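Turn these sequences into a full structure, and let the hints steer you where they fit.
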Amino acid sequence: MLDLAAIVSQVRRGMIPAHIYADPAIFALERDRLFARSWVFLAHESEIPAPGDYVVRRVLADSFIVARDESGVVRVMFNMCLHRGMQVCRAEMGNASHFRCPYHAWTYRNDGRLAGLPFHEEAYGGEDGFARRDQSLLPAPSMATRNGLIFISLDPDAPPLAEYLGDFAFYLDFYTRQSPAGVELRGPQRWRIKANWKIGAENFSGDSYHTPHTHASVVDIGLFREPRASKRKEGALYTAGPGSGTTYKLPPAGNGQSDFAGQLRYVGYPDAMIPAMAAAWSDRQRALVAGSGFMVSAATLFPNLSFVHNWPQIDAAGTVVPFVSLRQWQPVSERETEVLSWFAVDAAAPEDFKRDSYKAYLMCFGSSGMFEQDDVENWVSITDMAAGTMARRLNLNSRMGLTADGKPLKPPLAAAFAGPGLAYQGFGEYGQRHWLAQWSDHLEREPESRSVRDLGAAW
Amino acid sequence: MTADRPLPYGDPAHLAAHQFLVEEAALLDAADYAGWLGLLCEDIRYVMPVRVTTARGAGSGTLAGMGHFDEDMYALRKRVQRLATDHAWTEDPPSRTRHFVTNVRTFPAAVGELRVQSALLLFRSRGDTREADLLSAGRTDLLRETADGLKLARREITVDESVLRTQNLAVFL
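Here the protein sequences come in this chain order: A and B.
Just add 1037 to the spot in the first sequence (first one is 1) and you have the working numbering.
Just add 4 to the spot in the second sequence (first one is 1) and you have the working numbering.
Please keep in mind that the hints were generated in silico from the structure rather than gathered at the bench.
Predicted, not measured: the structure shown is a model, and the values here were computed from it.
A virtual CB, placed ideally from N, CA and C, is assigned to each residue, including glycine.
Take the hints with a grain of salt, since some may be wrong.
What the hints assert, rightly or not - Label-pair restraints from in silico Cβ distances:
1) 84(B) x 1153(A): 53 to 61 Å
2) 1443(A) x 60(B): 58 to 66 Å
3) 1262(A) x 127(B): 20 to 28 Å
4) 127(B) x 1453(A): 51 to 59 Å
5) 140(B) x 1446(A): 45 to 53 Å
6) 134(B) x 1139(A): 47 to 55 Å
7) 1370(A) x 140(B): 20 to 28 Å
8) 14(B) x 1262(A): 53 to 61 Å
9) 1443(A) x 36(B): 52 to 60 Å
10) 1068(A) x 19(B): 53 to 61 Å
To be verified - Reference listing, derived: stretches of chain B covered by chain A, where coverage requires no fewer than 3 residues with Cβ under 8 Å from a Cβ of chain A:
11) 60 to 73
12) 79 to 87
13) 162 to 176
As the list claims (entries may be wrong) - The following residues of chain A were derived to be distant from chain B, with all beta-carbon distances above 12 Å:
14) 1039
15) 1069
16) 1070
17) 1093
18) 1133
19) 1140
20) 1148
21) 1158
22) 1316
23) 1426
24) 1427
25) 1485
The following block contains the structure:
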């Protein structure tokens, strides 16, 4: 019997009942209370650039068609035929003006409207018996975009996306708006891991502490200069809106001058891209890089979209090239997660940068990435261990950075960190606790009752 | 340059290509990665596109511009160096792997080169509590005759799943 109130009260004091990482009852609550409500990322507009382009993506078990209709409008439609419930579109991607159900040939335009229904007259008595005119695939209850990122919520009364993103939008731009042209996504690589979905989300939300050890091998081989513990603890950890993340401290600028271009050059951005970055970002965003000297690295936007920005050496000459990846932790069950990992790059970047940045991504993250390989090994092991009886007798400690009475070990960075939200320098599980607090908020709230759509019934 | 029909299975070039692939698999299953690198040309291209489910007749079924691997010699050397460190946790303890290589077909290519198609089934077992993983793939290789015998100049791995059922690709196919 699940004592949710007890679990949540432990989590809120930074102690995590270990079984939540492998518990089917918790997973059911996450499905019904969290994913039935929260804004969730589905796709990026650059994945469907032309009219008729579509990709099929899921929110847990619910399949959605994300399509650009003939007039160029992005639509998100529940991928279930209104008649007998077939999955209307069974490809993962493509280009189509219509989607035709293979069962009885009900046919929908790429904006979701029902266009064809065989033997309408003979089978239903025409419009009188079944009003074909106003039918369409169920649209996502809420849909909105930011920087081309397409989000949906299964809650028709979800708060506006911009309000939801709040202060995290400031950090989102570093990954997805490096020039006025915006970002383009390639991928995703998709693979399944026998790990609970929360572990990856929490890791990216603020775990700078694992980097020096988990990723020691990539420093051993000279792929990455930065994860050394001494370097990593100089970084700032921030929480902002529904997100949080890690940063690296950049080397001090020369002569006490803040040097925006120099900091971007240090992480490998070519001069050709820097003016556009300066133009795309606000004074305050530039100040985080130049004045404060912090460069974003990993982050998570609650619940399950994470970001990473790193700058490995991609050749024997030691050329440093940065890359950005977006990744989604798609829950399959309490013990399995599908990872979707995209490479993201500024759409206006020079072609040689795109090529080199792609190489940097492949070496570091994604299904074969040398960082990611060791992360996943840990997360699979945690999930294994969390499934047993003894795990129900252990609360894991997620209180790093707090004193015994729950105060931060040191004060937050104030003027030294130009970004919004709260930021602390050094190690601490600020982001993970911030993520888990939101998780707790959702799990505590009873699910709303939802209206059910009746299809074409006349009485 | 490519013939439509494979060389007869008794052709010495086919036999040499087949032996190359079987010997390569033996090195990989023995985790002799340094030895494996010795089978690669300096200008190796080692790619594994991401497969996607598309409608019949609608494209190649691979994702444009995205692979699981897209490697040159530098990248492969780094991967091998990493596995040789004391900190490559994902392969310590190591996986038990078996590379089953079959359906080998050899085609003449440019002078001094052979194009070889094969089917690969990779069995990967980790630990004592987990289900084992299987990866099924087709491979198209370009083998080059060198002073040191045949070497791999290019490999394209056509994996048969759009969503891989293995925790990572800390293995070579």
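*Hint numbers the structure violates, sorted upward?*
Hints 3, 6, 17 and 18 are the ones this structure does not satisfy, whereas the remaining hints hold.
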